[in-house]
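Participant: Each chain, written out:
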Amino acid sequence: MKQHRIDFINKMSDNTFLHILLSIILGFVVGAGFLAIMGLSVGDAYGRLLNSVTNLKGFSYVIVYSVPYIVTGLSVAFSFKTGVFNIGAEGQFVVGSMSACVLSILMPDLPKPLLIPLCFIVAALAGAIWGSIVAFLKIKWGINEVLSMIMFNWIAFYLSNFIAGIPAIHSEGSAEATKNISANASMLFSKDFIKANGLAPTANWGILIAIVLMVLIWFIIDKTTLGYELKAVGVNRFSAEYGGISVNRSILTALAISGALAGLAGSLQLMGMGNRISVFSSQEGFGFAGIVVALMGSSNPFGVFIAGLFYGALTYGGSKLNLVGAPTQLISVIVGTVVFFIAISVIFRQIFSLRKKRSLKAGKEAQAK
Amino acid sequence: MTDFINSLGIILYATLVYMTPLLYAALGSCFSEVSGVVNIGIEGMMTAGAFTGTVVAYFTGNPWVGFICGGLAGALFGALHALATVKLGADQTIAGTAINMLGPGIVIMIARVLFNSTDTIPLTASQKIPKLFTGVFDTTTTFGRFMDNVFANYATVYLVLILTAVVWFVFYKTRFGLRMRACGEHPRACETLGINVIGMRFTCVTISGFLAGLGGACVTMAISTQFRPISIVGQGFIAIAAVIFGKFRPHGAMLGCILFGFCSGLKVVLGGSGSVDMQLLSMIPYVVTVIVLILFVGKSHVPSASGKPYLKTK
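So the sequence lines, in the order shown, correspond to chains D and R. Numbering follows our numbering, in which position 133 of the first sequence is assigned residue number 133; successive positions increment by one, without gaps. Numbering follows our numbering, in which position 22 of the second sequence is assigned residue number 22; successive positions increment by one, without gaps.
Keep in mind that the hints were calculated from the coordinates and are not lab data. What you are looking at is a predicted structure, and each value in this text was computed from that prediction instead of being measured. Keep in mind that a hint or two might mislead.
Claimed, not checked - Which stretches of chain D does chain R cover? Using the computed rule of at least three CB atoms under 8 Å from a CB of chain R, they are:
hint: 1; region: 156-165
hint: 2; region: 187-196
hint: 3; region: 279-286
hint: 4; region: 290-296
hint: 5; region: 327-337
Unchecked claim - No more than 25 Å apart at the CA atoms, straight line, and that leaves these computed lysine-lysine pairs for PhoX-like:
hint: 6; chain 1: R; residue 1: 131; chain 2: R; residue 2: 267
hint: 7; chain 1: D; residue 1: 195; chain 2: D; residue 2: 112
hint: 8; chain 1: D; residue 1: 140; chain 2: R; residue 2: 87
hint: 9; chain 1: R; residue 1: 308; chain 2: D; residue 2: 231
hint: 10; chain 1: R; residue 1: 312; chain 2: R; residue 2: 87
hint: 11; chain 1: D; residue 1: 112; chain 2: D; residue 2: 179
For glycine and all other residues, C-beta sits at the position ideal for the given N, C-alpha and C.
Isolated chain R (complex conformation):
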């Protein structure tokens, strides 16, 4: 029984850890998609954030400065995507594909200049994102150890949970959120009401880059300690999948991210025991997603104007 509770604690801990980067990126993706811009470049923006975060933390010694700079690097690529898709009427999928090539290409080139290697130098404990609630729980009891296993977790985990609530509030309880959602459904109607559709979308896509950058920084500054070219491999696409899974709503996307996080956690624990084939185990999150979609979620409503460039009437 104690063993089971311990394992459960570790699974839940890993769930939270692996959920976090996905959720930052997924919240970002929500902003972009809901305002009417398909952002397939999330992956590239995460890579930019992952690299910048560790490099800045390494040179300044302050993880939070690094974390924010990771977000800003993502925002830079977000603004580039916005420039192409919102201002210049580019095809959103093509521009996103370009971002996915440019992001990793540019940061790895910079890594080669700075470190003469494609990897960054590993962060020390004080340069990493700190853990909260360590030593708060009494680890001599089973329950205490369980709580310690689960909740003595990285600060970014708690930050993203708060952020999800904030984003939900912004989406559904503020004027900005209402206008943003309207821009994704019927931009022309918005413009007749005096809403600056172009400005709105530009802001949202840049925010999406910022959040994706934060997500990337979580990978290299919390889960791992350094940036490597294989740090971000597909998390951006999984985040997009989580958003579609959650029907383009922040709280829905969170459920999607928890599902992926939980499956990754399961993999860590079961894989460690060696009783199940690691490759088959790794397949679980993806198979489960498809099954959940078939059974519970079904058709999702894509924002009507999503994917279509909006050209202002003269």
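Extracted from the complex, chain D is given alone in its bound form:
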């Protein structure tokens, strides 16, 4: 029995999955604490959260919400693997979605099987270019990538607003937004199908693309020489360089791929749920959500997929919280706490290894007797 317990604790202390699960539980505990302080019913709020996502319609909403989170999550996770922190996913997302939007508005009559892939390509290319500029600035002039990413996020933000204001792109109605994208660029399920199955009105094919991207990224990271080189740079750039890997080229490749993913996420959001792009008043935060999702998924593509669904469920469920008088911001508190505990998950490891030492000691003493 003792041996069994030691094995269990051993597994525990190496297992990121359990740490994350524990962090999530603690996040909900802290959230409950805040609800209690505010004098709100914990049962009502969490019950509403659970209820709103555990029926077919709710779940289809969750999937729709999740798609951009999963793909930006993949983008950030991919950059983490190379030791670059892609805080610029926000801007790459924005240029990706705007490029796809412009294309579909300017060429609305292209047939669907041509327009949709073309939109994807343009969005991925735009994101990749946006990411590569940052890498180029770093390689050529040694400019700190975090700094230039923050700048390029804002440049993308205002660029998108500028383009949305151009008469050929701007909505003909009174809305502060672009025109709606061409029906040929929309990935929505057919209206009849949605109605017949009682799905969310924005249910779309995006999730399939997200799954394909997940597998693709897993394949690149784990099964190709490129992935091996990128990971080597992430682990130790000096030994990678010594081993003959060009660090500069790796950073460029990593940011280009990461940017392409974020750009794709932008087009998926647009062609699925968005249908048009509003003039932003503040950053939409998809890139920042991607960081959180990548962290919760511990940068593993499959983990990111699950984390993206979880984040989507919280966002959608959270939007229903005001129905029971609880503030939507509860979600930020819960997710923030989860991320905080993931950050200090080293501490779980220490607690578990302490217990391991104790039980080992106890085992030895028992043997001695």
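Start from chain D and add chain R according to the hints.
Facilitator: Positioned in the frame of chain D, the structure of chain R alone reads:
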């Protein structure tokens, strides 16, 4: 000519106003980064300060009590960041991301309880940060009006300029500053000399939260009169950018903040005339920063131990 001088006065006034919150936060960021802790949570700490400042000023009627409490709220989140990164060896970027979610999340929840809205109630003139040097200059002359435009400015503007000099002095002329910088370069060596690296970093990260909180309070108590969820949108990140721009030195960070402030000022004046597209105009500060970096600044020296958790040897 008179028009030009008037416009120039307004631009310089706006430069000072918009520079101020960034500079408080940037000075904070300097403390944290130089002691070896990456603090990406500045944004969340600013939000906490922005909210607390207005709420306390609203309830006490005293702007300065509010301002200080804004700083303390930032310091609280700073201490939380320090607890995670310095004491518990957390990944600094991840912990900072958590702070950026927790800060706004918690204060907006409190706002909902206190005001039944996500916005706070606007401050009255006496609850706002006061302006200094009003009515000192003779506004009947062009020069006097120019001086009045520029220097009849919020007290927090003058405070932050003094503070920058103080921080510079602390960094480069005191034993504390020397030790702090050493902790960011080679913590192990510091420890062998008997410097308490953990304590040092904890202090510095908490100070950084305090200053970021003050910066946040400037936004809601001087530039605007109330806290709204969109009060702090990216200023924290711009402050971090200014610090990297200034090569992790307080006086360098000030130049960065002045640059951003000036571009914002330009935007206010040119945007008002309607001759230039507002969106393109808003892009200027960010494009200019990149260009300035390419042309003049180049590679900056990041404190060697920055970003790495320091675990004490047993």
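Participant: Each of the hints needs a verdict: does it hold here or not?
Facilitator: Checked hints:
With 5 residues bearing a CB less than 8 Å from a CB of chain R, the region 156-165 of chain D meets the requirement of three and the coverage assertion stands. For the region 187-196 of chain D, the assignment as covered by chain R is violated, since 0 residues bring a beta-carbon within under 8 Å of that chain's beta-carbons and 3 are needed. For the region 279-286 of chain D, the assignment as covered by chain R holds, since 3 residues bring a beta-carbon within under 8 Å of that chain's beta-carbons and 3 suffice. Counting residues of the region 290-296 of chain D whose CB falls under 8 Å from any CB of chain R gives 3; the rule of at least 3 is met.
As drawn, the region 327-337 of chain D meets chain R at 9 residues by the rule of a beta-carbon pair under 8 Å; at three or more, the given contact holds. As the CA atoms of residue 131(R) and residue 267(R) are separated by approximately 23 Å, the hinted pair is consistent with the 25 Å bound. For the hint linking residue 195(D) to residue 112(D), the alpha-carbon distance of about 22 Å falls within 25 Å, and the restraint holds. This hinted pair does not check out: residue 140(D) and residue 87(R) have alpha carbons roughly 38 Å apart, beyond 25 Å.
As the CA atoms of residue 308(R) and residue 231(D) are separated by approximately 19 Å, the hinted pair is consistent with the 25 Å bound. The hinted pair formed by residue 312(R) and residue 87(R) meets the criterion: a straight-line CA distance of about 10 Å does not exceed 25 Å. A hinted pair counts as satisfied when its Cα atoms are at most 25 Å apart, and residue 112(D) with residue 179(D) qualifies at roughly 18 Å.
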